Structures are given as C-alpha cells and as structure tokens.
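**Q** Generate coordinates for the entire structure from the input sequences, incorporating the hints supplied.
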Amino acid sequence: MDLDTRRRVNYAGVLAGPVAWTTLFMFVPYAILLAYSFYSREFPLIVPDFQLGNYLQLFQDQQYFQVFMRTLKIASLVTVGAILLAYPLTYFIVFKIRSPRVRMTIYASVIVPLWVSYLLRSYTWKTILGNQGVLNSFLIWAGILDQPSDLFLYNQFAMVLTLTYIFVPFMVMSIFAALEKIPVSLIEASKDLGVGRIRTFLAVTLPLSVPGILAGAAITFGLTMGDFVAPFLVGGPDGALLATTIQAQFGTALNWPLGAAIAMVMMVIILLIITATDRAERAGRLDLG
Amino acid sequence: MTAATLERNRTVGLSRTRRMPFGSKHASDWTLGIAAAAVVAFLYLPVVVLIIFSFNDNNLTTWPLAGFTWHWYQNAFANKELMIALGNSIYVASIATALCVVLGVPAGIALDRIDFPGKLLFRRLVLLPLVLPGIVTGLAMMIMFTKVLGLSLSLTTVILGHGTALVSVVATQVFARLQRFNRRMEEASADLGARPLQTFWMVTLPNIRSAILGSALLSFTLSFDEIPVTYFLTGRDNTLPMYIYSTLRRGITPEINAIGTVIVLASLVLIVLSIWLLSDRGEKSGK
Chain A
1 MDLDTRRRVN
11 YAGVLAGPVA
21 WTTLFMFVPY
31 AILLAYSFYS
41 REFPLIVPDF
51 QLGNYLQLFQ
61 DQQYFQVFMR
71 TLKIASLVTV
81 GAILLAYPLT
91 YFIVFKIRSP
101 RVRMTIYASV
111 IVPLWVSYLL
121 RSYTWKTILG
131 NQGVLNSFLI
141 WAGILDQPSD
151 LFLYNQFAMV
161 LTLTYIFVPF
171 MVMSIFAALE
181 KIPVSLIEAS
191 KDLGVGRIRT
201 FLAVTLPLSV
211 PGILAGAAIT
221 FGLTMGDFVA
231 PFLVGGPDGA
241 LLATTIQAQF
251 GTALNWPLGA
261 AIAMVMMVII
271 LLIITATDRA
281 ERAGRLDLG
Chain B
1 MTAATLERNR
11 TVGLSRTRRM
21 PFGSKHASDW
31 TLGIAAAAVV
41 AFLYLPVVVL
51 IIFSFNDNNL
61 TTWPLAGFTW
71 HWYQNAFANK
81 ELMIALGNSI
91 YVASIATALC
101 VVLGVPAGIA
111 LDRIDFPGKL
121 LFRRLVLLPL
131 VLPGIVTGLA
141 MMIMFTKVLG
151 LSLSLTTVIL
161 GHGTALVSVV
171 ATQVFARLQR
181 FNRRMEEASA
191 DLGARPLQTF
201 WMVTLPNIRS
211 AILGSALLSF
221 TLSFDEIPVT
231 YFLTGRDNTL
241 PMYIYSTLRR
251 GITPEINAIG
261 TVIVLASLVL
271 IVLSIWLLSD
281 RGEKSGK
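Those protein sequences? They're chains A and B, same order as listed.
The working numbering puts the first residue of the first sequence at 1, with every later residue one more than the last.
The working numbering puts the first residue of the second sequence at 1, with every later residue one more than the last.
Worth flagging that the hints you see were computed from the coordinates, not collected in a lab.
Keep in mind it's a predicted model, so treat the numbers as computed, not measured.
Treat the hints loosely; a few may be bogus.
Stated by the list, open to error - Keeping only pairs whose Cα atoms sit at most 25 Å apart, straight-line, the calculated DMTMM-like set for lysine to aspartate or glutamate is:
(1) B:Lys-119 x B:Glu-186
(2) B:Lys-119 x A:Glu-281
(3) A:Lys-181 x B:Asp-29
(4) A:Lys-96 x A:Glu-188
(5) A:Lys-96 x B:Glu-186
**A** The following block contains the structure:
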C-alpha cells in the first residue's frame, strides 16, 4: 500500500463510527420527525400523509397559538433577565479583578452550577417560593407578612425567575469569552482621550461585547423554548409552554403528528436564531479588524 | 483557556495594577462589586437551601430551622425504589459516557483534520444537541425506535439517546485541544519512522488524554442528571432524575433534599475535576 492509500484507509477508520452513528441516530430520526409532522390523525390511528394541517393548527387554533406566543414571551424575558444579571457580574470579573488566578477561580465558581443537576436546581425554587416554602416562612418569621403569600409560586414570574437562574451561567460564559478578548489598551486609549467611564463603556466595551451577548442569548432563548421541567415544577395553570404541549401530544392527547409539527417549528426557530447570531458574530469580528 | 490568553491576562493584570492602585477606586466600582456579589449569591442560594434543609428536622422546608437530623438521608438510602433508580442512573451514565468517548474522540479528530464530503452537515449534526432542546432529540429517537425499528423502550434506548445527545461534549473538547496541539510533533514522529497508529498512541493520544478524561467526566455528570431525552426514551425502568421528577408530582419530601445534596456535591466534585483537566494545567499534566 502506498502512503496515500494507507492514509485514506486510516481516515475511513476514524470517520466510519461517528458518521454512521450521527446518520443513524440523528439524521434519520430528525427526518422521521419531519415526516410525522405531515401525517394526519384519524383517531386513534396515525395515517401517513402529506399535508400541512398540523402546522396550520398550531397557528390557527387559538389554544395552541396562545402557548406559542407565551413561549416566545417567556423565552424573551428569560434572555433579557439573564443578560441583565450576567453582564455586570462578568464585567466585574474581567475588568475589576486584577489577579488572574482569583479571576479564573471566581469565573469557574460562577459557571460550575451550569452542569449541576438542572432538575434539582429548578426543584429547589419550588421549595423556596411555595406557600409553605422558605421565602414565605422567612417573611412571616421576620414579621413582614402575616399570611403566607401565593404570589411567588405557580405563575409566570416563578418560571421566568427559575429559568433565568438556570441560564445565567451560560450567559456569563459567552459574555466572558467576548469581554476577555477586548484589549485593555483600547479602553485606556478612550480614557486617555478624555472620554468618561460611561461613554467609554457605551462606545467601546459594550459594542465589542455584543457577539458574546448574542451567542449567550441564542442558547438561552432556544433552550428556554424547549423546557418542560420549569413549567411542570413552578409554572401555574397559565404556564404551559410549547414543550409542555409537545409532551401532551405524545401523552394524553395522543396526537403525534401535531406534536411532531410543533417540535419542527421549534427546531426551525432555533436554527434560524443560531444562524442569524452566528452571522452577526462573524460580522462583529470583522469590525474588530 | 489557552496559554496565550493566560499570558495576556497576566500582562493585562499588571497594567491594571499600575493604572488603578488601591484607594483610587471609583464609587461605581463598589456598586458593580456589590451587584456582582449579589448575582453570585443568587446563583448559590438554591444550592445552599437544598443542603441546609436536607439536615433540617422538619417535614416542611420552612424557616426557622428546627434542628439537625440525619433522618432524611437514612430514609433516602432505605428507599428501595430510589436506590434502584440510583443504580440505573450509574449504569446508564457509565455506558453512555463510554459511547461518548468511543464516538466523540474520532469525531473530534475528524473535525480537526479530515476533509470529506458532507463534513459541514456532519459538523452541524454533531453540534446540534448543544443548542437544541433535548425534547426534540428525545422525541425523534423515540419515534424511530418504537415505530420504525419496533424496539421497546428500556434503559438501552436511554443509553443510545444519551450517547447521541452528549457525544458533542467530548467531540468539541477533543477538537479544541487538537486545534492548539502542535502538529510538528506528529510530523516528527512520522519522520522518525513511526507508523500512523503508533504516532497516534504515542504522540497524539497523550496530548489529548486530559481533554478526553475531562469531557468524559462532564458527559457522565450530564447523563446522570439528564431529563428531557430520558423522558421519551425510558421504559418501565426509572433513572434517578426521572424518579425524582415523578415523586415531585406527589409533593415534596425532604428525602429529595437529602439525595439531591448527595448528587449536587458529587457533581460539583466531578465538574471541578473536569474543568481542571480541560484547562491549561490539565494539559500540562497530560503531557
């Protein structure tokens, strides 16, 4: 065997496993999901078909369209909330902590919760916010409340709070990557030119960190859209999100084609957002020169 | 972090010390510092609450605290269903992690250095689970398994699902490490007459070993805690998160706080170890 052939054989050996796996367990299942979204349901059967009825139902049936709009609203609020909490923290870590070792330690301690049981971190908010929870009993103990309040749990506020909490570390991670790349000399140059702190921030730091904010926002928005744990644990009667609806279609409602269509819509929205922010990120990089 | 970044951080740190000595801190720095501390407190509050109330001698999670007890831990470890679920989770996470390594390492290598038709699609597919909610992946696989392949759902299908959803974790870390790896070392090895497989075992692998180990630990933690994919792919057997999820329907018991504390602390250890392995220091110790 000559060298070139041998190399090709090696490459084929490396590629075969991962390519076969992604084809069989990702490409094919997604394709089947897409096919199912065009099927029709003749209760209790699911009939192979090619029609857009399931997609139309999502947008025309008030019941589903409301959930769709609510999901977009909650995902937007969570994204904005995560940015508002993560930005000052990340800015502080990157620019105000001088020792690199301390900086990396604090950064690590902030992003570690990201990988710690997502279920348990959501669940704890249920124990904090509940009628007999930590917050209520604390407020009564402190004499601020006479009666436990039902205002904290089982509503959209609780969902936004819990999901924001979950996604802050994601946001910190992407903003950190962007802020860290900004040369301090740029900021110092701006200050040397007599520009104030706030204007320096608005004209130099903030624009250069936009790619990081966008990357974090894309992930946060997408993953919030697909969450069914927070609505289940802390959401109220008006708390169903798209993922909850999908879950119901594959459970009690037994309408797989509709569930598949909703999942496809979700997937398309997420892919569009990721593509758009990727583009914006690349454009931002060119700006930096 | 790359060595270059750290190096730059060091110089950045120096210039900042020169420019802003102690005492000349602006009032806005303090505001920012307090805001930052508040966010960190917010991030750790639920973890602290979980741990404190796992030792609290009260059926309800209410303030003020009622006294110390091991009771909830004893309950949790005496709970047969819970222990079976724990065993299932360890079994699933171990095999899924092995799958992630077996597939993720060659995937990372392929992404770094092989050009092949369809590479872009392959890259997109491998990375997709990082941004796509697990519910979509879980659903898609569930339909294929049950309706097309005619399999019944079990822990095996859960393992296949986790392996698929988490292979990206290993692939991206191996890819990132290879990107920073000096290819000359492989060329030197080849020049010295080593065969490609020898070069891989003796030069490439030792250099990416800590990245593989670190991402494997991360995959294990993530698989252990996984809910959305598991939800659609599990049969009669429960994993621990699915068991907890189903008991939460019935209401909260401090038992969950106890087993939760064990999981959280174990995850923290694995993750810190994993971050260390994936960082510069891990890289050095891997060499």
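**Q** Hint by hint, note whether the structure agrees.
**A** Status of the hints after comparison with the structure:
Distance hint between B:Lys-119 and B:Glu-186 is fulfilled; the C-alpha atoms sit about 23 Å from each other, no more than 25 Å. Annotation: proposed proximity of B:Lys-119 to A:Glu-281 holds, straight-line Cα distance about 22 Å (limit 25 Å). Between A:Lys-181 and B:Asp-29 the CA atoms are separated by roughly 21 Å; this keeps the pair inside 25 Å, and the hint holds. For the hint linking A:Lys-96 to A:Glu-188, the alpha-carbon distance of about 14 Å falls within 25 Å, and the restraint holds.
Note on A:Lys-96 and B:Glu-186: the hinted pairing is violated, with a Cα-Cα distance of about 41 Å set against a maximum of 25 Å.
The structure shown violates just one earlier hint, number 5.
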